[in-house]
Amino acid sequence: MTRRNVAPLAAVLLIASPVIVGVAYTILAALGLRGAGASELTVRHVAAALGGWDTWRGVGWTLATAAVATAVAAAAAFTVALRVQQSPLGRLLAVLPLAVPHVAAALAALLLLSQSGWVSRLTHAAGLTPTPADFPALVYDRFGVSLVLAFAWKEFAYLVLTAVAVLGTLDRASDEVARTLGASARQVFWRITWPQLWRGTSPAVIAAFAFLIGQYEMPALLAPSTPTALPLLIYERSVDPNLLRRGEAYVVALLALTLCAGLIAAHGIWRRRLPGVTR
Amino acid sequence: MTHATHRFTLLALAGWVLTPIVVLALRAVSLSWRYPQIMPMATASGGAFEALADPRLVAAAATSFWLALATGVLGTVLGFVTARLVTRASGRLQQLTWLGALFLVVAPPLASGVGLQVVMLSLGFGGTVLGVLLAHLVPATGYLTLFAAGILGSMQSGIEDEARTLGASRLQVWTRVLLPQLAPRFAESVVLGALISWGQLALTLLVGGGVVRTLPVELLSLVRSGNDQAGALAALVLSLPPLLGLGLLVRATRRTGAAL
Amino acid sequence: MHLFPRVGRGGLLRAAAAVVALALAGGACRENPRAASAQELAEGPWSTLVAQARGTTVIWRMWRGDPAINAYVDKWVAPRMQEQFGVEVQAVDSQGPEMVNTLVTEREARGGTAGTTSLLWINGETFAQLQQEHLLAGPWTMRLPNAALVDAASPIITRDFEQDPTGYESPWGMVQFALIYDVERTPNPPTTIPALAAWIRAHPGRFTHDQSFTGLTFLKGLMYGLGGGVERFQHGFDEARYVQGRDALFSWLQSVRPYFWREGTTYPPDVAAMHRLFANGEIDFTMSNNQNEVVTKVRQGILPPTSRAVLLDEGTIANAHYVGVPFNAPNPAGAMVLANFLLSPEAQLEKQRGEVWGDGTVLNVPALPEPWPARFADVATDAAALPYDVLAAHARPEVHPQYHTHLLDDWRRVMRADAR
Chain A
1 MTRRNVAPLA
11 AVLLIASPVI
21 VGVAYTILAA
31 LGLRGAGASE
41 LTVRHVAAAL
51 GGWDTWRGVG
61 WTLATAAVAT
71 AVAAAAAFTV
81 ALRVQQSPLG
91 RLLAVLPLAV
101 PHVAAALAAL
111 LLLSQSGWVS
121 RLTHAAGLTP
131 TPADFPALVY
141 DRFGVSLVLA
151 FAWKEFAYLV
161 LTAVAVLGTL
171 DRASDEVART
181 LGASARQVFW
191 RITWPQLWRG
201 TSPAVIAAFA
211 FLIGQYEMPA
221 LLAPSTPTAL
231 PLLIYERSVD
241 PNLLRRGEAY
251 VVALLALTLC
261 AGLIAAHGIW
271 RRRLPGVTR
Chain B
1001 MTHATHRFTL
1011 LALAGWVLTP
1021 IVVLALRAVS
1031 LSWRYPQIMP
1041 MATASGGAFE
1051 ALADPRLVAA
1061 AATSFWLALA
1071 TGVLGTVLGF
1081 VTARLVTRAS
1091 GRLQQLTWLG
1101 ALFLVVAPPL
1111 ASGVGLQVVM
1121 LSLGFGGTVL
1131 GVLLAHLVPA
1141 TGYLTLFAAG
1151 ILGSMQSGIE
1161 DEARTLGASR
1171 LQVWTRVLLP
1181 QLAPRFAESV
1191 VLGALISWGQ
1201 LALTLLVGGG
1211 VVRTLPVELL
1221 SLVRSGNDQA
1231 GALAALVLSL
1241 PPLLGLGLLV
1251 RATRRTGAAL
Chain C
2001 MHLFPRVGRG
2011 GLLRAAAAVV
2021 ALALAGGACR
2031 ENPRAASAQE
2041 LAEGPWSTLV
2051 AQARGTTVIW
2061 RMWRGDPAIN
2071 AYVDKWVAPR
2081 MQEQFGVEVQ
2091 AVDSQGPEMV
2101 NTLVTEREAR
2111 GGTAGTTSLL
2121 WINGETFAQL
2131 QQEHLLAGPW
2141 TMRLPNAALV
2151 DAASPIITRD
2161 FEQDPTGYES
2171 PWGMVQFALI
2181 YDVERTPNPP
2191 TTIPALAAWI
2201 RAHPGRFTHD
2211 QSFTGLTFLK
2221 GLMYGLGGGV
2231 ERFQHGFDEA
2241 RYVQGRDALF
2251 SWLQSVRPYF
2261 WREGTTYPPD
2271 VAAMHRLFAN
2281 GEIDFTMSNN
2291 QNEVVTKVRQ
2301 GILPPTSRAV
2311 LLDEGTIANA
2321 HYVGVPFNAP
2331 NPAGAMVLAN
2341 FLLSPEAQLE
2351 KQRGEVWGDG
2361 TVLNVPALPE
2371 PWPARFADVA
2381 TDAAALPYDV
2391 LAAHARPEVH
2401 PQYHTHLLDD
2411 WRRVMRADAR
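Residue numbers (my numbering), protein chains in the order written: chain A, 1 to 279; chain B, 1001 to 1260; chain C, 2001 to 2420.
Bound conformation, chain A alone (with noise of 0.2 angstroms):
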């Protein structure tokens, strides 16, 4: 460790401090050691959270519709943002989702998509659906139709936002002499735009991935009972009526620590690969 390291770290450290603290109560609280219905030292609750179907369920389950719900918000924000950066309308209306807080915006989806919702509501006055149970099930459904537009609808404002400010800080030049050289808008875009575009926003884009996956309020109003959302899960496990079973709880949330803390190393290696990246 050189001396130039020491304040930085120094620092570093202490605002992390906290974390790691929170970090280490959570594996001794998952080995029995510590919170309620803790006894001493045993590996029950770890057997029995990742010994558990409904754990490995749920963690595909939040992994998928957090991944499609990225996907979608990072296709739309990048097609819109692309569209919108010279219109300060268009900025504007992108980003508004962002100062609406996750409840809200649950409650926005659980009101427009149930099957009694104002979305049923209007193909029940075009005769399409006569009863709620004719409109297909998007809230409490084992897709999660309704999480995932609400999720793709909160994020997509973040990305539009990260999207617009990278493409304000490319290099024009390169198009210009591109174009001149015979290349098409599109191969343009393909070859020189996108990359650079992706370059710029994928640490954005997997922070919206990793975010999503510990999300509490969007899943408890949206999600259904089975399989059941990882949040929802630590949840459930820390409330239980049984004092005994709630060390579980423990070990289902450094579960979600981990896959998220994963993701990011696993991003971080994968773009210290790309050519001309620092960070």
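These are calculated hints, taken from the structure and not from any lab test.
Take these hints with a grain of salt, some might be off.
[What the hints assert, rightly or not] Cβ pair distances, simulated, as ranges: (1) A:Ser-87 <-> C:Glu-2088: 51 to 61 angstroms; (2) B:Arg-1092 <-> A:Thr-180: 34 to 44 angstroms; (3) C:Gly-2044 <-> A:Trp-53: 16 to 26 angstroms.
[As the list claims (entries may be wrong)] Looking from chain C toward chain B, a few residues come up when the C-beta cut is under 8 angstroms (computed): (4) Arg-2064; (5) Val-2092; (6) Thr-2102; (7) Thr-2105; (8) Ala-2152; (9) Gly-2167; (10) Asn-2280; (11) Gly-2281; (12) Val-2298; (13) Arg-2299; (14) Gln-2300.
[Claimed, not checked] Below, simulated SDA-like cross-link-like pairs (lysine to any residue); rule was C-alpha separation at most 20 angstroms, straight line: (15) C:Lys-2075 <-> B:Ile-1159; (16) C:Lys-2075 <-> C:Pro-2369; (17) C:Lys-2075 <-> C:Gly-2044; (18) C:Lys-2075 <-> C:Thr-2057; (19) C:Lys-2075 <-> C:Gln-2300; (20) C:Lys-2075 <-> B:Trp-1066; (21) C:Lys-2075 <-> C:Ser-2047; (22) C:Lys-2075 <-> C:Glu-2088; (23) C:Lys-2075 <-> B:Ala-1059; (24) C:Lys-2075 <-> B:Pro-1055; (25) C:Lys-2075 <-> B:Leu-1052; (26) C:Lys-2075 <-> C:Glu-2355; (27) C:Lys-2075 <-> C:Gly-2086; (28) C:Lys-2075 <-> B:Leu-1057; (29) C:Lys-2075 <-> C:Gly-2281; (30) C:Lys-2075 <-> C:Gln-2090; (31) C:Lys-2075 <-> C:Arg-2353; (32) C:Lys-2075 <-> C:Ser-2344; (33) C:Lys-2075 <-> C:Glu-2350; (34) C:Lys-2075 <-> B:Ala-1053; (35) C:Lys-2075 <-> C:Arg-2299.
All values reported here derive from a predicted model rather than from experimental measurement.
Glycine is no exception: its CB is placed at the ideal position from the N, C-alpha and C atoms.
With chain A fixed as given, assemble chains B and C onto it according to the hints.
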């Protein structure tokens, strides 16, 4: 791009972004609005809006506001100081910091919050506004460190050297060159940090222990109780201040570079 | 609200060291809770305690899921406590199971020092857990002057899920489970379990229950009815009898589940979601742990005006709810004064009004001094409210909390998880 496709993009965008907000607004002003009514039948009279003057909500709004402001300001100071320190450190430490900061931003609040709760309780900060502020600072500082790193990285360090060469003192470099350049970025950073605090729910609930009541906490109570009219109204109120902050941010997006 | 916590200079450093030690030390150090101050206070004269409480704040942890209850607490109880006793009442949101975690964490982090809250709204399995973890102060409830007014003959009040409150929790109210239907949509609702099954089969997709406390109370009531009556499950937890009752319940559920809302593949998260589905005509029944919720929810515009409550002839579960003082209460005196006020005839009467909350009284009304008995009798009966004698005839007590714990676990594992 032709004029027509531009129009179409804006329309589609408006539909996607505004529909949920419009539905919330309709719900907020309607006492009863049941299937299959497309528009609410009975609109709320003054009585429903009295809920907004509820001293609990007003107090919660004040708590939210001060928390957001303090998180924005302190997070900006911490973020810029950390970023400035770290940009001078070795590459490996830099990379580790950026990854760590990203982790602070996205770590599931339900998972990291339990630990934070213990830390704050041990310090005697459990159930206090100060404890909640410290908890909000964790993700906010992570985010603002990345934001500051983006700004500092894109600022021409040449200017600093030039000024020094021309005989400016260290202090002068800061007061005459760096700070004027950074001032608008500080403002954006404060807004971003405030936004992060404004929407926090899980950390507030865990560290505040239900005692510290912010607007999102009140909103969750309303939604949990099935009172959608009051919930939608509170949701809109909760969305207004960030909207103002966003106006400021959007103007600035082009300059901020790859904040993340 | 404490804006700044009380930490002296140097305290911060010491606390930081304590945090690190706490997090890193292996082995669970389970200190005994500090001497219960509510118990100490209970020994002095009541007037001393009232004097001590003047000018203090009581932070009260409670479920805040019903605007009617919130309004009663914030707008009726709080101003009177301030006026009559100079005590500021602050209700904060926390559901029973969360309180246990918060208190355990407070004990781990702060040992014997004061916690954040002074009064808890609890019952049943939360009371069992709090006692199991030694998180309640007591005994103190016999010291309350108004405790003498409580209906000591009612088995529902004197036994909380078969547990003796033993002075650690003071009764506050009494409720009974009821199904809620819309008299316009369902003029003749089923009133027995077989009739309910037949109704569900005849109306596919129109019935479900939620996955939280209310849904579980519904299932437990069915288990009594299908498993040979509540008597079979009384006097402690019996594994064999539980298994028998559970199997009877699950086979009944298996037979009707295909006709549930969404064919039983998913269940609404809580009773608020049930009310939403019911009000919009997605389902024809919602339910509540409080027989009078139908009245308050109609008033709030959440349920349609034609909503009514119905009980099943096999009986529905009635239980009492209580308030307790945590072991680390910063203000036990104020909490006890509040608990006593909650038991006063005026507070109990107000609470029982259908337009306020509709929560049953725990007082022995006939024995109250005049004019209270007449006033209680005068509580206006709403068209949607069920008459008292019908309720009493259908009331079944709660059984040991272990039934609750096991049934929830098994329902999640078997019924919920094998949803295709």
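Structure-based check of all given hints:
1. Checked against the given bound of 51 to 61 angstroms, the beta carbons of Ser-87 (chain A) and Glu-2088 (chain C), roughly 53 angstroms apart, stay inside it.
2. As the Cβ distance of Arg-1092 (chain B) to Thr-180 (chain A) is approximately 42 angstroms, the hint placing it in 34 to 44 angstroms holds.
3. In this structure the supplied range 16 to 26 angstroms is violated for Gly-2044 (chain C) paired with Trp-53 (chain A), their Cβ-Cβ distance being about 57 angstroms.
4. About 5 angstroms separates the beta-carbon of Arg-2064 (chain C) from the nearest beta-carbon of chain B, less than 8 angstroms, and the hint is met.
5. A distance limit of 8 angstroms between C-beta atoms decides the matter here; for Val-2092 (chain C) the minimum to chain B is near 4 angstroms, and the interface restraint holds.
6. Interface hint at Thr-2102 (chain C): satisfied, since its Cβ lies 6 angstroms from the closest Cβ of chain B, which is below the 8 angstroms cut-off.
7. The criterion of a C-beta within 8 angstroms of any C-beta in chain B is met by Thr-2105 (chain C), whose closest approach is roughly 6 angstroms, and the hint holds.
8. With 8 angstroms as the threshold, the beta carbon of Ala-2152 (chain C) stays out of range of chain B, its nearest partner Cβ sitting at about 33 angstroms, so the hint is violated.
9. Hint status for Gly-2167 (chain C): violated, given a least beta-carbon distance of 26 angstroms to chain B, over 8 angstroms.
10. The beta carbon of Asn-2280 (chain C) comes within 4 angstroms of a beta carbon in chain B, closer than 8 angstroms, and the hint placing it at the interface holds.
11. Because the beta carbon of Gly-2281 (chain C) sits about 5 angstroms from the nearest beta carbon in chain B, less than 8 angstroms, this interface hint is met.
12. Hint status for Val-2298 (chain C) relative to chain B: violated, with the closest Cβ pair at about 11 angstroms, above 8 angstroms.
13. A cut of 8 angstroms between beta carbons decides the hint on Arg-2299 (chain C): the least distance to chain B is about 11 angstroms, and the hint is violated.
14. Annotation: Gln-2300 (chain C) was flagged as interfacial toward chain B, and the flag holds, the nearest CB pair being 7 angstroms apart, inside 8 angstroms.
15. For a cut-off of 20 angstroms, the pair hint linking Lys-2075 (chain C) to Ile-1159 (chain B) is broken: about 62 angstroms separates their Cα positions.
16. Proximity of Lys-2075 (chain C) to Pro-2369 (chain C) is assessed by CA-CA distance (about 27 angstroms); at most 20 angstroms being required, the pair is judged violated.
17. Restraint check: the Cα-Cα separation between Lys-2075 (chain C) and Gly-2044 (chain C) comes to about 31 angstroms, which exceeds 20 angstroms; the hinted pair is violated.
18. Annotation: proposed proximity of Lys-2075 (chain C) to Thr-2057 (chain C) holds, straight-line Cα distance about 16 angstroms (limit 20 angstroms).
19. At roughly 16 angstroms between alpha-carbon atoms, Lys-2075 (chain C) and Gln-2300 (chain C) fall within 20 angstroms of each other, so this suggested pair holds.
20. A C-alpha spacing of about 26 angstroms is found between Lys-2075 (chain C) and Trp-1066 (chain B), which places the hinted pair above 20 angstroms, so the restraint is violated.
21. In summary, the hint linking Lys-2075 (chain C) to Ser-2047 (chain C) is not supported, as the alpha carbons are separated by about 26 angstroms, beyond the 20 angstroms threshold.
22. At most 20 angstroms may separate the alpha-carbon atoms for a hinted pair to count; Lys-2075 (chain C) and Glu-2088 (chain C) meet this at roughly 12 angstroms.
23. Annotation: proposed proximity of Lys-2075 (chain C) to Ala-1059 (chain B) holds, straight-line Cα distance about 15 angstroms (limit 20 angstroms).
24. With a CA separation close to 11 angstroms, the supplied pair Lys-2075 (chain C) and Pro-1055 (chain B) stays within the 20 angstroms bound.
25. About 15 angstroms separates the Cα atoms of Lys-2075 (chain C) and Leu-1052 (chain B), which keeps this hinted pair within 20 angstroms; it holds.
26. Taken as a hint, the Lys-2075 (chain C) and Glu-2355 (chain C) pair is honoured in the structure, with Cα atoms around 14 angstroms apart against an allowance of 20 angstroms.
27. Between Lys-2075 (chain C) and Gly-2086 (chain C) the alpha-carbon distance is near 15 angstroms, which keeps this suggested pair within the 20 angstroms criterion.
28. Annotation: proposed proximity of Lys-2075 (chain C) to Leu-1057 (chain B) holds, straight-line Cα distance about 14 angstroms (limit 20 angstroms).
29. Note on Lys-2075 (chain C) and Gly-2281 (chain C): the hinted pairing is violated, with a Cα-Cα distance of about 33 angstroms set against a maximum of 20 angstroms.
30. Between the alpha carbons of Lys-2075 (chain C) and Gln-2090 (chain C) the distance comes to roughly 11 angstroms, so the proposed pair stays at or under 20 angstroms and holds.
31. A C-alpha spacing of about 15 angstroms is found between Lys-2075 (chain C) and Arg-2353 (chain C), which places the hinted pair at or below 20 angstroms, so the restraint holds.
32. Of the pairs offered as hints, the one joining Lys-2075 (chain C) and Ser-2344 (chain C) holds, with about 17 angstroms between alpha carbons and a cut-off of 20 angstroms not exceeded.
33. Our distance criterion of 20 angstroms between C-alpha atoms is met by Lys-2075 (chain C) and Glu-2350 (chain C), whose separation comes to about 12 angstroms.
34. Between Lys-2075 (chain C) and Ala-1053 (chain B), the direct Cα distance comes to roughly 14 angstroms. Compliance with the 20 angstroms bound is thereby established for this hinted pair.
35. At roughly 17 angstroms between alpha-carbon atoms, Lys-2075 (chain C) and Arg-2299 (chain C) fall within 20 angstroms of each other, so this suggested pair holds.
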